[in-house]
Amino acid sequence: EPLANATIHIPNGTYACWSAFLAEYGKLYGINYFKALETPQSFTYNFESNGGTEVESVQSYDLWSLPYTEWAGEGERFFQGWFTKDGSVDGDWGERVFGAPYVGKADSLGVVTLYARFGADRYEDGSDVPFAFVVSETTRKLTLNAWTTTFFEFTPERDGLYLMKMNFDHVAYSDSGFGTFDKATNTVNGYRYTPVYDENWNILYLGFECKAGQTYYIFYEFSEQNIYTGEIEVPLAEYEFTVEWQGEIPAQQA
1 EPLANATIHI PNGTYACWSA FLAEYGKLYG INYFKALETP QSFTYNFESN GGTEVESVQS
61 YDLWSLPYTE WAGEGERFFQ GWFTKDGSVD GDWGERVFGA PYVGKADSLG VVTLYARFGA
121 DRYEDGSDVP FAFVVSETTR KLTLNAWTTT FFEFTPERDG LYLMKMNFDH VAYSDSGFGT
181 FDKATNTVNG YRYTPVYDEN WNILYLGFEC KAGQTYYIFY EFSEQNIYTG EIEVPLAEYE
241 FTVEWQGEIP AQQA
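Letter 91 of the sequence shown, counting from 1, is numbered 91 in the numbering used here, and no numbers are missing.
Where hints are given, some of them may not hold.
Stated by the list, open to error - Calculated lysine-lysine pairs in the DSS-like style (CA-CA distance at most 27 Å, straight line):
(1) 105 with 85
(2) 211 with 165
(3) 141 with 165
(4) 211 with 141
Everything labelled a hint here was simulated from the structure, so no lab data went into it.
Hey, can you work out the whole structure from these sequences and the hints?
In structure tokens:
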């Protein structure tokens, strides 16, 4: 046990979640060398809504997702994200914060405070549900990094089964799902595919069941692979996305 008497120190504000996971994993399975890991400090994350709906504090090492808040004041304003500074007075918002994971820099009391920003413009970068790219049955070209989870917003004009399609020129792997957004839990409730069969139970078509006028969220993951080396790459490139109608919603199939 070369690390039996050693401790790996984790500076505050650094990426500490993996060490926390490994330490717990080591305790569970009795792997001695995990004892060398120092237990990371747990912070209190406070969320100042700045006119949005109230968000409860969280006690954690890090944030793998960020809470949802929406404008509660007069008029229409859009949530533009969580920031490290309150720029509502002087315009200095510091840095925009993203989850998966985010480890904040705590004050002397062990508190990390994040500030909601609202504005007249809707942010659209696909990083989370409030910032989802709006897509339709018309092809949209977007410049994205592969190997990330990207969110899309879709409101169909007609009932039916739908699938998200993208150009697969260089894509090695992709996965997608439809769902509705639950504001209370800040999660997308995923749907399963609905298949349509012929009289011999062969699949005619399948897709996600959608109703006209209902807003759905699509989470999409894809990667690119170099066909010569087999290595996964993460390029910034232009892709085409289309939500395609597959067919009618079936009556209950016997």
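Tell me if the straight-line CA distance from residue 105 to residue 85 falls inside 27 Å. holds, 12 Å
Would the hint linking residue 211 and residue 141 be met if the CA-CA limit is 27 Å? Holds: residue 211 and residue 141 sit about 25 Å apart, inside 27 Å.
Holds or violated: are the alpha carbons of residue 211 and residue 165 at most 27 Å from each other? The given pair, whose Cα atoms are some 19 Å apart, holds under the 27 Å limit.
Given pair status - residue 165, residue 141, alpha carbons within 27 Å: Given that 27 Å is the threshold and the Cα spacing comes to 12 Å, the pair holds.
Checked against the numbered hints listed earlier, the structure breaks none of them; every hint is satisfied.
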